[in-house]
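Those protein sequences? They're chains A and B, same order as listed. Be aware that the first sequence starts at 1, since it is given in our numbering, and climbs by one per residue. Be aware that the second sequence starts at 1, since it is given in our numbering, and climbs by one per residue.
Think of the hints as simulated: they come from the structure by calculation, not from any bench. Honestly, I wouldn't trust all of these hints.
[Said to hold, decoys possible] Label pairs and their in silico Cβ distance ranges:
id : chain 1 : residue 1 : chain 2 : residue 2 : range
1  : A       : Glu171    : B       : Lys183    : 53 to 61 Å
2  : A       : Gly276    : B       : Arg270    : 46 to 54 Å
3  : A       : Ser62     : B       : Gly276    : 30 to 38 Å
In this text, a Cβ means the ideal position worked out from N, Cα and C, and glycines have one as well.
Protein chains: 2
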Amino acid sequence: MTDAADPHFKRVALIGLGLIGGSLGHAMRRGKLAGHIAGYARSDATRKRAMEIGFVDSVHSSAADAVKDADLVILCTPVGSVGEVAAEIEPVLKKGAILTDVGSVKVAIFRDVGPHVPDGVHFIPGHPIAGTEESGPDAGFAELFDDRWCILTPLPGVDRDAVARLTAFWEACGSRVDFMEPKHHDLVLAITSHLPHLIAYNIVGTADDMETVTRSEVIKYSAGGFRDFTRLAASDPTMWRDVCLSNKDAILEMLGRFSEDLAALQRLIRWGDGDGLFELFTRTRAIRRSIIDAGQENPAPNFGRNPTHAADDKKDQ
Amino acid sequence: MTDAADPHFKRVALIGLGLIGGSLGHAMRRGKLAGHIAGYARSDATRKRAMEIGFVDSVHSSAADAVKDADLVILCTPVGSVGEVAAEIEPVLKKGAILTDVGSVKVAIFRDVGPHVPDGVHFIPGHPIAGTEESGPDAGFAELFDDRWCILTPLPGVDRDAVARLTAFWEACGSRVDFMEPKHHDLVLAITSHLPHLIAYNIVGTADDMETVTRSEVIKYSAGGFRDFTRLAASDPTMWRDVCLSNKDAILEMLGRFSEDLAALQRLIRWGDGDGLFELFTRTRAIRRSIIDAGQENPAPNFGRNPTHAADDKKDQ
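Produce the entire structure from the sequences given, and follow the hints as far as they go.
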């Protein structure tokens with residue numbers, strides 16, 4: 001990898017124009033990273049909206065049309081559908097082009113997309129660790145990737161210059177870039193992203209099912225902590241269904257560990273083990289500080305929900 | 001309850017000068033709700049700091065000294081210690097004074113404080129549903145209770161005028177006030193606050209224990225969802241130990257339900273039931289919208305972590 005790699009591509013194809021595809025369009029505009037951005041979305045309304053917002057230069061009703069002549073092709077559809085898309089674009093992928101994706105799982109991407117990559121096309125799967133709970137073409141914005149990590153998982157034999165160019169591209173989109181084995185990526189994301197989403201979906205479901213506490217009470221008193229979980233549980237259902245189906249083994253492993261730990265915590269409560277509870281509640285506190293120090297979290301208390309707090313603090317001191 | 005109830009008290013005693021005690025001090029200053037605010041904290045450093053910040057008018061090294069002559073006494077120490085404090089202040093509580101608290105459990109408060117309430121003192125336990133993950137005298141701010149609910153749990157026989165005055169006081173602190181049976185309060189809070197905190201502590205503990213994924217990886221890639229949980233898991237360990245020990249039955253009931261639901265979710269994943277997953281992930285989405293509509297959550301995507309987003313949106317449209 002060389003520092004001199006060019007982050008600019010003549011023609012980029014965005015396959016999928018939702019939160020991530022849209023944010024990539026905005027980030028490419030901001031960094032002047034593409035001569036032409038061709039977009040594909042399944043729905044006519046999404047294509048129309050993407051043109052109105054202006055993060056693409058052209059839209060196409062078939063993925064193959066969008067991919068024609070592209071130097072960089074980025075698959076931004078849910079991971080359950082990338083195999084089908086790959087089969088469709090296989091005949092038109094240009095020799096020398098880079099093919100990448102943004103999916104939350106990587107082993108399944110090699111399995112589903114790999115067989116459709118023609119000789120001479122550089123296949124370098126990727127995953128930006130960034131997002132919000134919103135989806136659709138209006139959800140994207142240029143700063144989404146700023147200071148967030150993007151993990152690339154190239155196989156050992158892949159062209160070094162192509163990897164350097166894709167790295168330079170993500171860095172120009174604001175990201176920091178890391179490299180990982182696909183299998184290790186899936187394990188890391190299972191604990192840092194997939195398990196948190198599943199736990200959030202689960203607790204919101206549990207609260208919604210209560211018969212002794214009404215939904216209106218859950219909503220009114222959600223500031224006691226519950227509301228934090230509703231953000232992840234408002235994420236795109238299709239995306240998360242596909243993640244669960246395509247990273248099954250790692251997710252089941254993490255769910256197993258979580259449940260074991262929860263059973264142990266339940267036992268501490270049942271037996272009134274105050275020291276054991278205090279020990280657990282103390283050691284988890286340090287981790288948030290590390291995440292803030294690593295620049296991966298807003299340092300303001302309560303996620304900055306109390307905007308007047310900072311000003312108030314200053315006045316007091 | 002009458003609209004004319006006076007929210008102002010001549011002398012208020014704040015027993016405990018941390019996040020909630022401090023915020024009450026600031027809120028009383030803002031609303032000019034107290035002639036004199038007397039503060040008690042166990043540690044000398046906390047008392048000194050509270051005077052420096054200025055949210056109390058006097059500090060005292062014994063709770064009894066702070067409570068002397070007070071018309072309103074607010075217990076703001078962790079729920080495990082309020083019984084002891086109540087025993088100490090029992091001899092000096094003034095006839096006609098209102099005694100309240102801010103604890104996250106209410107049945108245990110009646111059990112521990114109730115026996116120490118002298119005749120002629122109006123005992124009206126309360127619980128403001130507001131907080132941040134910070135603690136200590138520097139963590140408080142005047143706006144903490146604005147638009148948040150405060151639940152009062154007076155027993156049926158208690159003086160109506162006293163309840164009206166305490167209601168007016170909390171409203172003047174910015175809160176909306178609700179009334180509940182103590183037992184029902186503990187059940188509602190078990191699902192809206194206690195379970196979420198325990199789940200957050202548990203998942204952060206699970207991630208911290210991984211041997212195949214390093215702590216540094218967990219921190220770097222936490223923006224995938226994990227970081228959301230670290231906020232609740234950074235809350236005060238003493239407070240949460242006490243909550244677990246004093247609301248055991250309701251918490252164990254909620255943990256049991258959550259675990260059952262998690263087992264069902266695990267089964268959907270193991271058997272690849274995409275429709276079942278999609279159904280769960282869809283119905284949880286609506287709840288966040290309701291919480292935002294109820295004014296209990298920041299409507300900005302990603303908790304407003306991307307401050308430039310709104311500006312960017314406007315530019316695009």
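Now for the hints, and whether the structure bears them out:
no.: 1; hint: A/Glu171 to B/Lys183: 53 to 61 Å; in the structure: holds, 57 Å
no.: 2; hint: A/Gly276 to B/Arg270: 46 to 54 Å; in the structure: violated, 31 Å
no.: 3; hint: A/Ser62 to B/Gly276: 30 to 38 Å; in the structure: holds, 32 Å
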